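K.L.:
The primary structure of each chain is shown beneath.
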Amino acid sequence: MSNEKWKILGSGAVLGILAALLVKFGNPVNMGICVACFYRDITGALGLHRAAAVQYIRPEIIGFILGSFIFAKAKGEFRARGGSAPILRFVFGFFMMIGALMFLGCPLRMILRLANGDLNALVGLVGYIAGILVGTQFLKRGFTLGRNTKQPTASGYVMPAIAVVLLILLVTAPSFIFFSTEGPGSKTAPIIISLAAGLIVGLMLQRTRFCTAGGFRDVFLIKDFHFLWGIIGVFVFALIGNLIFNPSTFKIGFADQPVAHSDHVWNFLGMALVGITAVLLGGCPLRQTILAGEGDTDAAVTILGLITGAAFAHNFGLASSAAGTTVNGRIAVIIGFVVVLGIATSIVISANKNKNKAAVKEGGQVNG
Amino acid sequence: MANTIDARGRSCPEPVIMTKNAIDSGYNDFEVLVDAKVAVENIKRFATNQGFNVTVEENDGEFTLNIRK
Chain A
1 MSNEKWKILG
11 SGAVLGILAA
21 LLVKFGNPVN
31 MGICVACFYR
41 DITGALGLHR
51 AAAVQYIRPE
61 IIGFILGSFI
71 FAKAKGEFRA
81 RGGSAPILRF
91 VFGFFMMIGA
101 LMFLGCPLRM
111 ILRLANGDLN
121 ALVGLVGYIA
131 GILVGTQFLK
141 RGFTLGRNTK
151 QPTASGYVMP
161 AIAVVLLILL
171 VTAPSFIFFS
181 TEGPGSKTAP
191 IIISLAAGLI
201 VGLMLQRTRF
211 CTAGGFRDVF
221 LIKDFHFLWG
231 IIGVFVFALI
241 GNLIFNPSTF
251 KIGFADQPVA
261 HSDHVWNFLG
271 MALVGITAVL
281 LGGCPLRQTI
291 LAGEGDTDAA
301 VTILGLITGA
311 AFAHNFGLAS
321 SAAGTTVNGR
331 IAVIIGFVVV
341 LGIATSIVIS
351 ANKNKNKAAV
361 KEGGQVNG
Chain B
1001 MANTIDARGR
1011 SCPEPVIMTK
1021 NAIDSGYNDF
1031 EVLVDAKVAV
1041 ENIKRFATNQ
1051 GFNVTVEEND
1061 GEFTLNIRK
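As you go down the protein sequences, you meet chains A and B in turn.
Per the numbering used here, residue 1 is the first one in the first sequence, and the count goes up by one each step.
Per the numbering used here, residue 1001 is the first one in the second sequence, and the count goes up by one each step.
Quick caveat, the hints were computed from the structure, so don't treat them as lab data.
All figures in this text were calculated on a predicted structure; none of them were measured in a lab.
Just to be clear, a hint being listed does not mean it is correct.
As the list claims (entries may be wrong) - Here are the simulated DSSO-like cross-link-like pairs (lysine-lysine), alpha carbons at most 30 angstroms apart as the crow flies: (1) A:Lys-7 - B:Lys-1020; (2) B:Lys-1037 - A:Lys-75; (3) A:Lys-223 - B:Lys-1020; (4) A:Lys-353 - B:Lys-1020; (5) A:Lys-357 - A:Lys-140; (6) A:Lys-7 - B:Lys-1069; (7) A:Lys-150 - B:Lys-1044; (8) B:Lys-1069 - A:Lys-73; (9) B:Lys-1037 - A:Lys-7; (10) A:Lys-140 - B:Lys-1069; (11) A:Lys-187 - A:Lys-140.
Could you build all of it, start to finish, from the sequences and the hints given here?
P.N.:
Set out below in C-alpha cells:
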C-alpha cells in the first residue's frame, strides 16, 4: 500500500479509537463523536432550541475548528475565501441537519453506530450511499455552486473566533447557557479530554482531507478508493476500540440501540438526504467543520445552516428520538428532498444552457 | 499553446471532474489552474492513477498542474 493510503487509513483509525475513548470517558454510547448531534447540542446550549436533554457546548467541535485553523495557519493553507452560492449552501446545510436528525446522527456517527453493532445504521448507510449516488449524477451533469473568491482576511477568522467564544462560555458556564442535566446532553467526557481529542482530529483531518461523503463519491465518480480507506479505518478501529474500552455496550441488532430508532424507511431517507446534500456541498458535516477552520466562509455558512436546522428540528418537533420518528419530521424530510432536488435540477439545467451557448460561440469547441 | 482548464475557486470535487472530462475528451497534454492545495492533491492522485505525468508549479498561492501522457 502507498504512503498516502496508510495516512488516510491511519487518520480513520485514530478517529475510530478516539471515538471509543470518548465514550469510555463519558460521551453517550455510540456517540463518541457525532458532528450533527454536537452542533445540535451547542444550538441547545445557546438556547436556540429548548430540548432540555440535548444542550451542551461540545468541546470536540471547538477542537475540530481550532485544530484545523492552527494547522492550516502553520502550513500556510489558511485562506479567507467564499462567495460560492452562500444562501444555497445555507439551505443545503439546513436540510442536511434535518436528514441527520431524522436518522439521529451524522455519517460519522453512522459508521460508529455500525461499529458497535447497531444494524439500524446499516439501513442508514444504504440510504447514505443511495443519496451520494444521486448527488454524483448531478455533479456528472454539470452541477456547480460556482467559484469562490478571495474574501477579506477577517471573514476567515469568524468561525475560529466563534470557537474561542464557545470555549470561554463552556469554561465560565454563565447562567444563560443551558447544560443538560439528563439525557444525551448530560453525558460528557471531561472538557480537557474532549477538547484534546477534537484538536487531534482537527489537525489530522486538515492534513488528510478525510470526508465520509468523499469516500463513497470518489468511488462512483472517478473509481478512486483513497478516502474509502479512511472510512474503513474508522469502522475497524472503532470496533476494536469499543471491544477494548466499552465491551459492555457492544450489541448486534436493531432493537434497543442507544439514541437510535428502527424506523427503516426513515432511517434510509434521512441519510439519503444527508448523502445528496453532502455531495452537492462538497463535504459531510465533519469536512465542512474542518474547512471552516481553514478560512472557507462557504463552509462556515453551511455550518450556520446546520445550526439553524438543528434549532428548527427541536423547536418544531422534527427530530427523531429513541421513541421513533415524528410526522413533522417526515414532512420536513420530504420538503428537504423537494427543495434540494429542485435547486440541483435548476442549476444543472442552466449549466447546460450556458454550455450550449459557449459551444455555439466557440464553433463547437468545448474545452474541459 | 497548451489547453488550459481554469478550476480556480471551484469546490471539491469539481476540479477533478473538470480534469476527468478533459481526459475523457481525449486531451493528453494540458494545464489545470487551481488555488487550493486539496485540489492539487486530488487532481494529482487522479491523473497519476490514469497513467499521466503531473508536475506542479506554485505561484503566489495558485497552482498550475501540467498533465501529460
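K.L.:
Compare the structure with each hint and give your call.
P.N.:
Status of each hint after checking the structure:
no.: 1; hint: A:Lys-7 - B:Lys-1020; verdict: 25 angstroms, holds
no.: 2; hint: B:Lys-1037 - A:Lys-75; verdict: 10 angstroms, holds
no.: 3; hint: A:Lys-223 - B:Lys-1020; verdict: 11 angstroms, holds
no.: 4; hint: A:Lys-353 - B:Lys-1020; verdict: 21 angstroms, holds
no.: 5; hint: A:Lys-357 - A:Lys-140; verdict: 19 angstroms, holds
no.: 6; hint: A:Lys-7 - B:Lys-1069; verdict: 27 angstroms, holds
no.: 7; hint: A:Lys-150 - B:Lys-1044; verdict: 24 angstroms, holds
no.: 8; hint: B:Lys-1069 - A:Lys-73; verdict: 35 angstroms, violated
no.: 9; hint: B:Lys-1037 - A:Lys-7; verdict: 17 angstroms, holds
no.: 10; hint: A:Lys-140 - B:Lys-1069; verdict: 24 angstroms, holds
no.: 11; hint: A:Lys-187 - A:Lys-140; verdict: 43 angstroms, violated
The structure fails hints 8 and 11 (numbered hints given earlier, in ascending order).
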